[in-house]
Structure formats: C-alpha cells, structure tokens
Amino acid sequence: MDQAVWLTFLVGVLAATLRVATPLVWASIGEVYTERAGILNLGIEGTMFLGAFVGFAVAARASDAGFGGYLWLGLLAAMAAGVLMALLMGLLSVTLGVNQHVSGLGVTLLGIALSLFGFRLVFGESSVLPSVEPFGQFSIFGDLPIVGQVFKQYLLTYIAFLILVPVAWWVLYRSSFGLNVRAVGENPEAADAAGVDVYRTRYAALAIGGALMAVGGAFLSLAQLGAFSPGIIAGRGWVCIALVIFARWDPVRATLGALLFGAVFALQLRLQTLGFDLPFEAFLALPYLVTILALAIAGRNAPYPGAYLKPYRRE
Amino acid sequence: MRFRIERNPSPVWLRPLIPLLAIVFTMVLTSTLVLLVGANPFAAYYYFLVEPLSSRVSAIEVLVKSTPLLLTGAAVTFAFVGGYWNIGAEGQLLMGATAATAIGLQMEGVPPWLAIPLMLAGGFAAGMLWALAPALMRVKLAIDEVVTTLLLNSVAFLIVSALLNGPWRDPVSQWPQSPEIAASAIFPKLIPRTRLHLGFIIAVVVIILIWFVLTRTAFGLRMRAVGLGSDAARFAGIHVDRTLLTAALVSGGIAGLAGVNEVAGIHYHLIDAISGGNGYTGIIVATLGTLNAWGVALAAVFIGLIDTGAQSVSRALGVPSYLGGVIQAALLLVTLAFLLLQHYRIRRVR
Amino acid sequence: MSFSIASPAVEMRHITKRFGPVIANDSVDFTLERQEIHALLGENGAGKTTLMRILYGLYHADDGEIRIKGEPVTIHSPKDAIARGIGMVTQHFALAAPLSVTENVILGYTEGFRLGLPDARLRVAEAAQRFGILVDPEALVKDLSVGQRQRVEILKALYRNADVLILDEPTAVLTPQEVEQLFEGLRRLQAQGLSVVFISHKLHEVMDITDRVTVLRGGRVVGVVPTAHTTQSELARMMVGRPTYGVSKPDAARREDVLLRLENVCAEDNQGLPALKNVSLNVHAGEILGLAGVSGNGQRELAQVLEGVRSCTGGRVIANGHDITNAGPDKVMAAGVGRIPEDRHESVVAEMTVAQNMALEHLDEFVRNGMLDKRRIREHAEALIEAYQIKARPDDIIRTLSGGNMQKVILARVLERNPAVLVVAQPTRGLDVGATEYVRQKLLEQRQRGAAILLISEDLDEILELSDRIAVIYEGEIMGVVSPDVDIEHLGLLMSGVHQT
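Protein chains in written order, with our numbering: chain A, 1 to 315; chain B, 1001 to 1350; chain C, 2001 to 2501.
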C-alpha cells in the first residue's frame, strides 16, 4: 500500500477510535461513580439501552411536532430515564440491600424489555425503521488536513473528553461530594459515624451514574445512528463493567481503557473493509477476551472499594 | 417517615407464598402498561394466564416453552446454591447448542439410541468447558465470576455468529443458519402433532437429579454450606475450591443441555437466535423458584405460560408481546425484594 | 430549669433500649460532668456501648431523655451528635483505609462543594498541633499503626469541636506504653476543657484515669461512685454482682508426652507481612498452655495455622504424632485436633441449622447408602444439646442463638470427639458470666482428661486463671514462657516487647 492509503487508514482508525470510545467513556464514568459508592450496577446495559430508546423516541416525536431542539430534548429525556433506572437500582441495592448481581441483571432485563415494548408502542409495527436527523459532526481544527479529519466528531464526543473526564475526576477527588462517595464505598460505617448520609450519597452516586450511562446509550441513537434498533447497545454496558475494574475505579484510567477498546474496535472495522480475510467476529471478541485476560492479570490485586457489593444497614 | 429493615425470620408458612405474592404484585404493577396500550388489564391477564391453558394444544405449547427454562433454571440454581454467581448460562447454552449441531451434523446413519446420547454428552461437555475458565479464575485467582461469565456470553454469541456466517452457512439458502442435523439426531416427539419432545423428559429428570443432590446427599449439604458461608465451610474441612468448581461445571453442563434441547428438539439447525435469552431467563426462574428444585419446576412452567400468553394477548388485544419480557424482568426484581420477607421485616420508625 | 454554667455536659435519663426480646438498657441514668473523665464500667453485654451509641445517634432509645449542657435534645444521627459537640471513637475504627488522614478527618465536616485540600491539610495539622496529637496529615490511613489510627480518630472528634469524647474500650488494642501515652493525652485534653466517657471493663485502667465511675450490670445502673472513694475489689463486686471467684482449678494433670509441637513456625498475615517469626512451643498432655499478648501480635495467625486455614511459610507443626504442617482443616481434625476458633461467626454457617452445623465437620459419618441420614443428624444434635445444656432446638438457625449458646454448639461438636489436642482462641469473648464459667469449666475438664490445650486469649485474667504455663507473644515472636504466678508487671513488660532476662 502506498503512503496515501496508509494515511487515510490511520485517520480513519483514529477518528473511529474516538467515536467508538465516546459511549464507553460516558457509561464507564457513570459506573465508576456507582461502584466507588460501593454498588456494582449491572443495570448498566439496560440503562444504556433505555437511554438509547427514550432519547430516540422523544427526539423523534419532538421532531415530528416540529420542535427544533428535538435532539437535546431527547438527550434530557434519556438522562431522566437513566436516573429513574438508577433509583430503582438504589431501591433494591441501597434501601432493601438485596444481591447486587441479580438485581442489576434484573434492571438490565427490565430496561431492555421496557424499551422494546415502548418502541412497539410508540412506533407500531411499521416496516420502515423510523429515524431522526442525528447530531452532526464538526471539527475544532476545521478543514486542516489529517487533524481536521481525525477530530471531525460529535459534540457529545467533545463534551465527553474535554469536559466530562476532567470534571468527573475533580468532583471525585477534590469535592466534598466526591469524598463522601469514596468514603461510603470504602467504609460506610465510618462515613455514617462522621455524619455522612450513606443512603443519600449512594443514591446520588447511582443517579449521576444512571444519567451518564443513559447519555452513553443515547449517543448511539441520537448521534451515531439517528435510529434505534434492538442490537444498538450490543454488550457495550458489559464492556464498561470490565473497563471499570481494569481502570481500578478511576475515571481517567477508564477513559484510557475506553480509548484502547475503541482503537481495537476501529482497527478491526478498517481491516475488514480493507478485505482482510478474517472472520470479523474474532475481532469483535478480542476486547472481551483482552478484558478477561486483563482481569486475570490485574484482578487479583484489584483495589476493590472496601464496601463493594455490601449493603449498609445500621445495626 | 422512615423505614427500617430488621432481621426477623418470617413464619415458615409464609415462605412458599412469597413467590405467589410477588407474582400478584408484579401483575398489578404491569397492568399500568396494559392500560397505557388502552387494553383492559383483566382481559389481558386472562389471555396471559388462562387462555393458553384452555386448549390442549396451547397447554402443551406451554410445556414446550418451559423445557429450556427447566434446564437453565436448574443450571443457575445449582450454581447459586453453591455461592457461584454463574451469569453465563446464556453462553454455556450457546456452546451446548454448537456442540449439538456439530455432532448432529455427523450422525447420518447413526441410530438414535447412539446419536442422541452422544449429542447430550457433547452439549454437556461444551457447556462445562465454557464454564471452566471463569470457574478456575474464581477459584485460583479470586476473580469475581460475574463479570467473566457475563463477558463470555458475548464471546459465545460471536462464535455462533462466526460459524453461521462461515463454515456452517446454509449452502442452499445462504441464510446464516446451519444445515439441518441428521434425522436420527432429532429428539422424538412425545405426543404426535405437537412440539413436545424428548427434551421435556430430560429436563424433568435433571430437575429430579438436582433435587436429589441438593437435598439428599452430603455433597449437596456441603455445597449449601459453601454458598451460605465459604469461610465457615472451609473451617469445617470442606474443600471449598473443589466444591465451587463442581458447582460451576455442572451448572455449565446443564445449561449446555438446554442448548442441545433447542437444536435437537425445536429448530433442528443452529441459528443465532437459538437461545432466545433463555440463559438469562434461567436466572429469573431460579430466583422465582427460590433456588429449590420443585420451585424451579413451577417457576419454569409459569414463565413458559407468560411466554405463550404474550403471544395470545398480542393476537387478541394488540398489546405488544414484549410485555411478556417486561413482566418477567419486573417479576425478578419484585421477587428479590419480597424474598427479604424470609429474613426481615420492615418496620416504621419515628 | 437551670441553664447555669454548672449544668452537666451530658445527662441521660431513664434510657431504655430493647433489641427484640433483649433489654440492653433498662431505664439507665447517666450524668457526665464538665471536664470529667467518667468510666462506664461493666462486663461484656452490660449495655455500656449501647448507651453510648444512643448518645452518639447510632441507636435510638425506645424511651428516655437526653440533655446536653442542660438543654433537652433529640439525636437522630451522628450528625446531630457532632453538632452538639459529641465525638465517639469506637472499637472498630471508623476510618476509610485508602484515604488520607486529612480526608478522614474532614469527612462529613466540610463546607461547600470544594474540598480545598491544601487548606484542609493546614487546618488538620494546626489542630493536631493544638491538641498535641502526633500524626502526619498526608499519610494514608492504611499505612498507620493501630495506635496512630486511634489518634486520628481522636483528632477527628476534636477537629469537629467535640467537648465530649466517648472512648469505647480504647486500650484493647494498645500496648501498655501506648496506653500510657493515651492517658497522658487525655489528661492534657481534660485540662483544656474536654469531658470524656471511658468505656472499659479493665479495673486498673478505670482506677488510673477516671474521676468517677458508673457501673452497669445487665442493662441497669448498679452504682455511681467517685473513683477516689472506691477500690478495685468494690468495683469488681458491683460489676459482677457478687465477689469474684474463679472456677476452681484442680491439681496439675500434666504428663510428660508432648501432644502439640511447633517448631520454628513462620507465617504471613493477610497483607503478606511476616506475622509469626520462628514460633516454637510444646504443649504437653494434660496441660493448658496460655498464649498471652496484646491484640494483633500474631495470635490470630497462629490460631489459623493450627486450625488449618492459614499456611505457614516455614517450620513444622506436629500434633498427636502427625505432621500437620500446612494440612487443611480436614487433615488437622483427622490428626485429633479440636478447634475452638476466635470468630464464632466464621466457624459456623450462620444460616444453617444447629444440627447441620454440628454434623458439618464430619459429614461422611452421617451418610448411609450414599444419602444423608437426616435422622442421625438430628439425633446426634439432640444428644449434644442435652449433654451440653444448649438452649436451642436442632432445627434452629444457628444465627438466632445467643453468643453463649453458639459457643456451646462449637464446644459440643469439638469436645464430643475427645480431641488429643485443643486449639482454643478467645473462648469467652462476648459471653456473659454464666457462659464464661461454663466454657472455662469445660476446658479444665479436658485438661483433666489429658488433652493438650493451647489457650490463646487477650483476656489476661482468663490466661492467669486457667494456664499451667504462659507463653507471651509480641510481634509474632515468643518472648518467653513463664509460670502463672509470675509478677504481673513482668508479664506486662514481656507483652510490650521487653525481652526476658
């Protein structure tokens, strides 16, 4: 291959890396907050799913009604749905203190089932897949060669990397709320004795997490696709679960992990279009296998939050 | 107003009623969705719960639907009782189905008495194999099996997809589905002109076996001890690692049988929707059945009924059949919450 | 109603608290004067901690009234208590280990959204200076020693402007030297205006540090006396309700044969740090060898090595003629070792029945034709319940039993097998007087029978009362083996790491 082809290839892979990583950054930072408060939210897959659906459904209806800000309205609705799912998870895991594995999975099943039910309800059984005009892409580097193309991205991608990541880091490590979150996830008895409301803090962390997860899902339906399909999330929530452990519960490391995932994913997409004769499933499976391998290597000494999976009850 | 949850064991008679209470409560909750569609909830639940049982054909169909759930429910129960959180029944089922297809395709001219046991053994082994890595990671490296079993579900799905888009793609139709397995490998029908097949008997036998192992053998009691308190079990001289490994592998094997069941009893070839989510639904069945073999049997039939009823309510009232999925998921969450009543009561505090 | 400056720091009146059928506090009155160090004395389960947890908002009283500096208050949560100037240092430190000292100190006591860590660090350092508490504000709590962590806890309370400090058994985890430092610090803080509630069951400490003593027994106040006007024996009598007398120890039963032999045993703790350093001990048949030491000096690890749940990194263990070095619990039991572990809750399966727990260690003996013989399991349990006077039925979930009855279940399942060797750790911790005496009596019976008993206990009185010889452990090393009529001060020195000369 000559240089020009390589360059196009590289630009394509880099741009796709950022794009693929975006929903993972949103959702995995959401999961970081949740888990730092001591709750494993396996409802992430269903929350992303519901976020994608609600965002799309509201945007589609608002668009039909001629409302110009339909995409933002959709995004807002998705966040609200995410918060509701998180509150449900909170009711089960914080208030009632039931097993987080099974309840999280139940929340995921519910999110998916509600979305499919809702989709049928809102859009009927039409043969044409409904769609909306999605968010557009732009580049802060304008038409500059290479960088201009690499950074031709969605606004939600820019927000994720330039605003969400630093803010999430700062809030977690430099704000009193972040300190409370870390404390209730580490030693809820200590936090309680120090006057921190363990339940409220856990609910708040869950709610923030749920909203972020839902944005991750809505990114796919409102930016990347402009449509909704049952295969839209396709296990991305599970990837985030692994990323968070891989990232040792740190928002910045989770972002790096998401970029790594994005790169692998983007690479396989490009190689596939270049006609490499490999089953594409092998590439799709790679991130899962790499994550499991990473868990096998790092997971043993992983600094799990002290109260991970443990419900708190004042005796 | 604040509520406190206090430890206080419920009377024994209440316990078997808890899943029933959960079902009723879930029905009330989900009736809001029925109203949203503009249908009458009572009519809807008639079609959900009664109509499928009103004819012989659809009643048998309920048993057909519940067959894989008996198996995945049993698989999940076996692991959960031992304290092994196997979320991977879905992937293990897919691998069992893949093995069954691989064997079934080669069974031309092999008599059924040999072909069927071979497929069952192959499916069981494949499910076990798929459960092996997470189980070893849990036992040797103390890595939470929830995440690993979960991720391997996705990998299993990709393997099936790769096979269907590659070597097993139907040469005639070019659909992503495997050729049909040999006739001798197909499960015989139990009742002519219905879909009820040998798999149902196998599932019932599996339920009886796990009941026996869990309640009547020393191994079952040891497994229970490990599940309820692994430190105490280790202290009592129980080989916790070995017990967990056994629980995980047998669970994977049973889930693999569910895959065999779908290939040899229903579809006769491999498709990527072969599981229909039965691996995950097994978790609902196990929870609703309170990790008790007979409870699991009842729960599987009940979920089979919901599955069948979802079709009839959709036909009769135009309520999207996805309502069945909503009910099942809600039922899982409500049951989890209600099961607290076994050990706790909720009290209002000043 | 007087709001004069003289109104007490804390008044609690008619405080009643029930846990199910158990009355933990029965109309308790308690008054803490200003600038007073006030002991709350009583045995385990007397209701001391419950009373103070009510004051700190961790429990809610069913009945009663609390006044702080004369003002009636309701305390819903620790937040309320803190706002009223009350601080509490519990037995299990309420610190988040991966966080820094500063973060722990300011947790729950921040203003605004910004933490402002650099400023906070300065303020914490300044407070530490002012109260004379030596601790590095930037250190991570997980890197601190137990004594340092306690200082962080005290600093945390004082940082919140506490003028009432509740200390729940603060010396249980300290060496005698650290205790002395703590007491010096408390006297200095008292001079600065602090009032202290000192929860303890150690008489000499109460005599040493406090101004007044409230004695609780069975959830009721049995007396309030100025420390200067009382004696240890009077306090002991009030605490126990009758003159203390030990179980009567029969004559020595020691034989020459060594049934438990440890040779240079080394082991690591959960963090992978060396916890046992070349421990060598011999326990003879018919002898109780007591292992004394301050909590956290390797006792737990030693017990676990002998119980078969922790591997050693060096050395050998011979029990009853079998090499059980690094053997699992099943092999250890097969060698004839009976184990009464430190943590009852980690040795019984809490959600299983009494009968199942009694059979669990030897389940193979309850199998007939490949099936569990449930009738035998039940009959076996009934027999043990009868023989050991356990207040339980075979089908009771063991979690629902009292500590004493649970300990009896564990005793029963071990002693019925007449073990050649007994490894006993903290056998009476948390038990009431009756159960304690029962357990001690049973251990002496085993000694008379000829068992070799290693008694690991942090209760020095228990060690002195039961042992034929006493080994002292400090930082994983055996400092010496002495006779039970040793000078107590000498024993204290050994426990704080001073070598025997």
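Hint data in this document are derived by calculation from the structure and do not stem from the laboratory.
Heads up, some of the hints might be wrong.
Claimed, not checked - Here are the simulated DSBU-like cross-link-like pairs (lysine-lysine), alpha carbons at most 30 Å apart as the crow flies:
| id | chain 1 | residue 1 | chain 2 | residue 2 |
| --- | --- | --- | --- | --- |
| 1 | B | Lys1140 | C | Lys2142 |
| 2 | C | Lys2249 | C | Lys2391 |
| 3 | C | Lys2374 | C | Lys2391 |
| 4 | B | Lys1140 | C | Lys2277 |
| 5 | C | Lys2331 | C | Lys2374 |
| 6 | C | Lys2202 | C | Lys2249 |
| 7 | C | Lys2249 | C | Lys2069 |
| 8 | B | Lys1140 | C | Lys2331 |
| 9 | C | Lys2079 | C | Lys2069 |
| 10 | C | Lys2249 | A | Lys310 |
| 11 | A | Lys310 | B | Lys1189 |
| 12 | A | Lys310 | C | Lys2069 |
Going down the list of hints, with the structure as the test:
1. B/Lys1140 x C/Lys2142: Holds, at about 26 Å.
2. C/Lys2249 x C/Lys2391: Judged against 30 Å, a Cα distance of about 26 Å means the pair holds.
3. C/Lys2374 x C/Lys2391: Roughly 21 Å between the alpha carbons, so the hint for C/Lys2374 and C/Lys2391 holds.
4. B/Lys1140 x C/Lys2277: Roughly 27 Å separates the two Cα atoms, so the pair holds.
5. C/Lys2331 x C/Lys2374: 25 Å, holds
6. C/Lys2202 x C/Lys2249: 23 Å, holds
7. C/Lys2249 x C/Lys2069: 51 Å, violated
8. B/Lys1140 x C/Lys2331: 21 Å, holds
9. C/Lys2079 x C/Lys2069: 18 Å, holds
10. C/Lys2249 x A/Lys310: 46 Å, violated
11. A/Lys310 x B/Lys1189: 48 Å, violated
12. A/Lys310 x C/Lys2069: Measuring from Cα to Cα gives roughly 39 Å; hence the hint is violated.
Of the numbered hints stated above, those contradicted by the structure are hints 7, 10, 11, 12, listed in ascending order.
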